[in-house]
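K.L.:
If you want the building blocks of each chain, they are given just below.
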Amino acid sequence: MYKIIKAEELTTNIYLMDVEAPRVAKSCQPGQFIIVRMDEDGERIPLTICDYDRDKGTITIVFQVVGAATEMMKQLQTGDSFHDFVGPLGCASEFVSEDLDSLKNKKILFVAGGLGTAPVYPQVKWLHERGIAADVIVGAKTKDLLIMEEEMKAVAGNLYITTDDGSYGRNGMVTKVIDDLIGQEGKQYDVCVAIGPMIMMKFVCLTTQKYDLPTIVSMNPIMVDGTGMCGACRLTVDGEVKFACVDGPEFDGHKVDFDQAMKRQQMYKTREGRAFLKAKEGNTHHGGCGNCGGNEE
Amino acid sequence: MTTDVLKKVPVREQDAKVRATNFEEVCLGYDKEEAMCEAARCINCKNAQCIKGCPVAIDIPGFIEKVNEGDIAAAYQVISEASALPAVCGRVCPQESQCEGKCIRGIKGEPISIGKLERFVADWARENNIKPEGAKEKKNKRVAVIGSGPAGLTCAGDLAKMGYEVTIFEALHEPGGVLVYGIPEFRLPKQDVVAKEIDNVRALGVKIETNVVVGKSVTIDELLEEEGFDAVFIGSGAGLPKFMGIPGEQALGVFSANEYLTRSNLMKAFDEESNTPIMYGKKVAVVGGGNVAMDAARTALRLGAEVHIVYRRSEEELPARVEEVHHAKEEGIIFDLLTNPTEILEDENGWVSGMRCVRMELGEPDASGRRRPVVIEGSEFVMEVDTVIMSLGTSPNPLISSTTKGLDVNKYKCIVAEEDFGKTTKEGVYAGGDAVTGAATVILAMGAGKAAAKGIDAYLSGK
Numbered sequence: 001m002y003k004i005i006k007a008e009e010l011t012t013n014i015y016l017m018d019v020e021a022p023r024v025a026k027s028c029q030p031g032q033f034i035i036v037r038m039d040e041d042g043e044r045i046p047l048t049i050c051d052y053d054r055d056k057g058t059i060t061i062v063f064q065v066v067g068a069a070t071e072m073m074k075q076l077q078t079g080d081s082f083h084d085f086v087g088p089l090g091c092a093s094e095f096v097s098e099d100l101d102s103l104k105n106k107k108i109l110f111v112a113g114g115l116g117t118a119p120v121y122p123q124v125k126w127l128h129e130r131g132i133a134a135d136v137i138v139g140a141k142t143k144d145l146l147i148m149e150e151e152m153k154a155v156a157g158n159l160y161i162t163t164d165d166g167s168y169g170r171n172g173m174v175t176k177v178i179d180d181l182i183g184q185e186g187k188q189y190d191v192c193v194a195i196g197p198m199i200m201m202k203f204v205c206l207t208t209q210k211y212d213l214p215t216i217v218s219m220n221p222i223m224v225d226g227t228g229m230c231g232a233c234r235l236t237v238d239g240e241v242k243f244a245c246v247d248g249p250e251f252d253g254h255k256v257d258f259d260q261a262m263k264r265q266q267m268y269k270t271r272e273g274r275a276f277l278k279a280k281e282g283n284t285h286h287g288g289c290g291n292c293g294g295n296e297e
Numbered sequence: 001m002t003t004d005v006l007k008k009v010p011v012r013e014q015d016a017k018v019r020a021t022n023f024e025e026v027c028l029g030y031d032k033e034e035a036m037c038e039a040a041r042c043i044n045c046k047n048a049q050c051i052k053g054c055p056v057a058i059d060i061p062g063f064i065e066k067v068n069e070g071d072i073a074a075a076y077q078v079i080s081e082a083s084a085l086p087a088v089c090g091r092v093c094p095q096e097s098q099c100e101g102k103c104i105r106g107i108k109g110e111p112i113s114i115g116k117l118e119r120f121v122a123d124w125a126r127e128n129n130i131k132p133e134g135a136k137e138k139k140n141k142r143v144a145v146i147g148s149g150p151a152g153l154t155c156a157g158d159l160a161k162m163g164y165e166v167t168i169f170e171a172l173h174e175p176g177g178v179l180v181y182g183i184p185e186f187r188l189p190k191q192d193v194v195a196k197e198i199d200n201v202r203a204l205g206v207k208i209e210t211n212v213v214v215g216k217s218v219t220i221d222e223l224l225e226e227e228g229f230d231a232v233f234i235g236s237g238a239g240l241p242k243f244m245g246i247p248g249e250q251a252l253g254v255f256s257a258n259e260y261l262t263r264s265n266l267m268k269a270f271d272e273e274s275n276t277p278i279m280y281g282k283k284v285a286v287v288g289g290g291n292v293a294m295d296a297a298r299t300a301l302r303l304g305a306e307v308h309i310v311y312r313r314s315e316e317e318l319p320a321r322v323e324e325v326h327h328a329k330e331e332g333i334i335f336d337l338l339t340n341p342t343e344i345l346e347d348e349n350g351w352v353s354g355m356r357c358v359r360m361e362l363g364e365p366d367a368s369g370r371r372r373p374v375v376i377e378g379s380e381f382v383m384e385v386d387t388v389i390m391s392l393g394t395s396p397n398p399l400i401s402s403t404t405k406g407l408d409v410n411k412y413k414c415i416v417a418e419e420d421f422g423k424t425t426k427e428g429v430y431a432g433g434d435a436v437t438g439a440a441t442v443i444l445a446m447g448a449g450k451a452a453a454k455g456i457d458a459y460l461s462g463k
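Sequence order for the protein chains is A and B. Anchor point for the first sequence: position 80 equals 80 in the working numbering, and the numbering is continuous, going up by one each time. Anchor point for the second sequence: position 207 equals 207 in the working numbering, and the numbering is continuous, going up by one each time.
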């Protein structure tokens, strides 16, 4: 069992937990992820690592309630435990194994969308701890959905916050901020790391292509085991089949087939949506809500 | 009970029509009377060929004699000396090509039903709560075993019986490896059989730590240098599923057999109450002809689909066990042999709508000795399916080999290990099972685990 040391709601439907997992905390690196199960019969849920404390042996996870499983997960309190907590999975970010001197000469731009702020944070922090100040764009739908602003401010070089509705920071999508920074404000970057919803990463890649800015994305497809065994997480990168769990999760964003990846994410949407509503509404739900797709079958 | 001495005592099975709609075990096994009757057929050869056919060299005539005498507890101890997983092996071993294939009785009539007898003995021991005997003396040495599948469990069990302190590291949340995620419930019940045999391995003193991905959570070098292990056995299994590389393979509704079976077996997706979803196809094509393909096909059938096995060679070359093919046919699986997919077709939303195939004929034998299938010109046709399950074997997982200094792999990326005792190129590190051979059978993996246990014992005794 893996004990929850801290559980808090960051904002509407977004939760943060510190979990005791000494093996993971000892060996994890920025860019990697973990898989949790809540109980004996639980689903295996992949989550990004938001922070880690090697001394305390804890991992910080951040998740958004999107389905039946996360709806249950948010009810866990400090002192409760996860039945399973496995990791770190996937490869570390490329820069972790880069020569530090050459890394110090690089200008890195991070682009975080929504919940993607959580996995971006340990990367920016890792660089900060090595004297490298990276610029960070954080985008959220609206002010209330913004997370980890203070934490990010403490480790980022320049922090640019933008909201889709203009309720806080700059006004507009993250892609507009990239255009403004590079196109208007004369910023120059050597590499961009974009993490967020697939649709956001796709458009960030289309934007950075205009500026010939190499862009790394972190893919979060459907997964089962997370160790390479099942192949559910396969995606096409540069015409080749890759497994996000062992070859990734980070890939050259300009080579990822996003349309295919987004399509594959829909695979169980209907069923998950139904499970979610069944959990919320009991057996009374039989489709027709327009949300779960239950009326489509 | 009267028997024809040339024939096996028949084993009771669930009716094919009934079992095609449930996940209960297909074969019901012998009762004590049937088992004793079958055991009486054994002529107790002095130079028993069956033992030579068994990868873990069970004293087969020895245990059968005890069954014949009605002393099942004693029979169990005879088997336990050689095998940690008799209830599993009695169910999934390809006996026809191993012990039973060598049985002298088989020359004139049917061989002794060794597998079913082994199963009966193991099941009886479990029901009567008889455990294997543990080590009499402890040795002050620690061994780490990576993977809790058949190779790892056997190696760990044998080492524990020799007195070593053994810890198994398992990547998934449940121990058992392929016994849990791969082989379906209707062939190998998880709670009643697999979990209990693993409990027996634990009862020998073996510790099992789940959720540890060696190569990620901890490395082999760390286990040896920081965690105080004196030797390591790698039984990490086969690895990454292969795909054909044909167009449309990323369409929605195309799965690897590993994914499909993991969802159903490990995550219990066949159960409506499970939180893990699985695709309920209406018409499913399973591509491949091995045991895994049969398992996937029979699982899809039980989930309500019309199921086709699509295999490019003929029935004779099917790599699956005869019994599995027979059961699959009985249950209504349709075999499209000498057929090979060339493209998976998608509907406007990206879901599988069909599979373009060609007919094949057999030409000259290839490197594997099997006749090579060649395409019949102009034979292309479209098979209407909504789900495609690829069961084409696996390629090795690089997680361990890429993170362990001095551990060599061969050109197929399998770990290099000497056949006799599983010694790898790294000192103190042994390996066996699918991680070394590529995908094979449960019993071969057990044989390798057993050999490696001997190798590790020799290594640590000389240290």
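Since the hints were made in silico from the structure, they are not lab data. Careful, some of the hints might be misleading.
[Claimed, not checked] Label pairs and their computed distance ranges (CB to CB):
#1 B:349 / A:150: 37 to 47 Å
#2 B:410 / A:167: 39 to 49 Å
#3 A:54 / B:372: 38 to 48 Å
#4 A:9 / B:133: 52 to 62 Å
#5 B:57 / A:83: 53 to 63 Å
#6 A:239 / B:349: 21 to 31 Å
#7 A:238 / B:210: 50 to 60 Å
#8 B:133 / A:1: 41 to 51 Å
[To be verified] Within a straight-line C-alpha distance of at most 30 Å, the following computed BS3-like cross-link-like pairs (lysine-lysine) qualify:
#9 A:242 / B:17
#10 A:56 / B:411
#11 B:138 / B:17
#12 B:405 / A:56
For every residue, glycine included, the Cβ atom is placed at its ideal position computed from N, Cα and C.
K.L.:
Give a verdict on every hint.
P.N.:
Cross-check of the supplied hints:
1. B:349 / A:150: 37 to 47 Å: With a Cβ separation near 43 Å, residue 349 of chain B and residue 150 of chain A satisfy 37 to 47 Å, so the hint holds.
2. B:410 / A:167: 39 to 49 Å: Check failed, 59 Å falls outside 39 to 49 Å.
3. A:54 / B:372: 38 to 48 Å: violated (56 Å)
4. A:9 / B:133: 52 to 62 Å: holds (54 Å)
5. B:57 / A:83: 53 to 63 Å: violated (39 Å)
6. A:239 / B:349: 21 to 31 Å: With a Cβ separation near 23 Å, residue 239 of chain A and residue 349 of chain B satisfy 21 to 31 Å, so the hint holds.
7. A:238 / B:210: 50 to 60 Å: Taking Cβ atoms as reference, residue 238 of chain A and residue 210 of chain B lie about 36 Å apart, which means the hint is violated.
8. B:133 / A:1: 41 to 51 Å: violated (32 Å)
9. A:242 / B:17: Distance ~41 Å between residue 242 of chain A and residue 17 of chain B Cα, so the pair is violated.
10. A:56 / B:411: violated (42 Å)
11. B:138 / B:17: Since the Cα atoms of residue 138 of chain B and residue 17 of chain B sit roughly 52 Å apart, the hinted pair is violated (cutoff 30 Å).
12. B:405 / A:56: Holds - the C-alpha atoms of residue 56 of chain A and residue 405 of chain B are around 29 Å apart, at most 30 Å.
Hints 2, 3, 5, 7, 8, 9, 10, 11, counting from the list given before, are not met by this structure.
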